[in-house]
Amino acid sequence: MTRAGMTLVVLAVVLAGCATPDGGPSGAEAAAVERGEAIYAANCMSCHGGAQGGAIADIPPRHNAQGHTWHHAECELLGIIAEGLPDRPGLPEGTPTMPAFADDLDAEDRRAVLAYITTWWTPDQLASQQQTTQQVCADDG
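With mature numbering (1 follows the signal peptide of the UniProt record, and there is no 0) applied, the sequence shown corresponds to residues -19 to -1, 1 to 122, in that order.
To be clear, the hints were calculated from the coordinates, so they are not data collected in a lab. Keep in mind that the hints are not guaranteed to be accurate.
[What the hints assert, rightly or not] Restraint-style ranges between C-beta atoms, simulated for each label pair:
id: 1; residue 1: 67; residue 2: 88; range: 19 to 25 Å
id: 2; residue 1: 69; residue 2: 9; range: 34 to 40 Å
id: 3; residue 1: 10; residue 2: 78; range: 27 to 33 Å
id: 4; residue 1: 84; residue 2: 118; range: 20 to 26 Å
Each residue gets a CB set at the ideal place from its N, CA and C atoms; glycine is no exception.
Modelling step: build the complete structure from the supplied sequences, incorporating the hints.
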């Protein structure tokens, strides 16, 4: 093997070692997902549940692939986390409401929660949600 060929092989091995095995997030994105997981466990899990189970009709809604969260744009979801959701007409009396977390979670923490939730969605759901975000949140910068 030539020296150039050997260099390419070594470079390929080194770069392969830097990749995540499942093609998942790396670096800062992975750190945000990890932080989001901890924040979700402390603030959201008791009402919304985790990655398993749930259905679109659940109140409070599940955030996994069986839920409805992925239908909403990122700016809408971040707003709901920050401001909460008041009582909504048509829901049975006693239905829990979504509290506001603006005083408890800064913008970076709210984005980390959303980064974690999106790890539960299918590639098609992610693509759909990203398209919705581009359409709805275009003016949000």
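Consistency of the hints with the structure:
Distance hint for residue 67 and residue 88: a CB-CB separation of about 22 Å, consistent with the stated range 19 to 25 Å. For the hinted restraint 34 to 40 Å between residue 69 and residue 9, the CB-CB distance of approximately 36 Å keeps it satisfied. A beta carbon spacing of about 31 Å between residue 10 and residue 78 agrees with the range 27 to 33 Å that was offered as a hint. A hinted range of 20 to 26 Å holds for the C-beta pair residue 84 and residue 118, which are about 23 Å apart.
The structure shown violates none of the earlier numbered hints.
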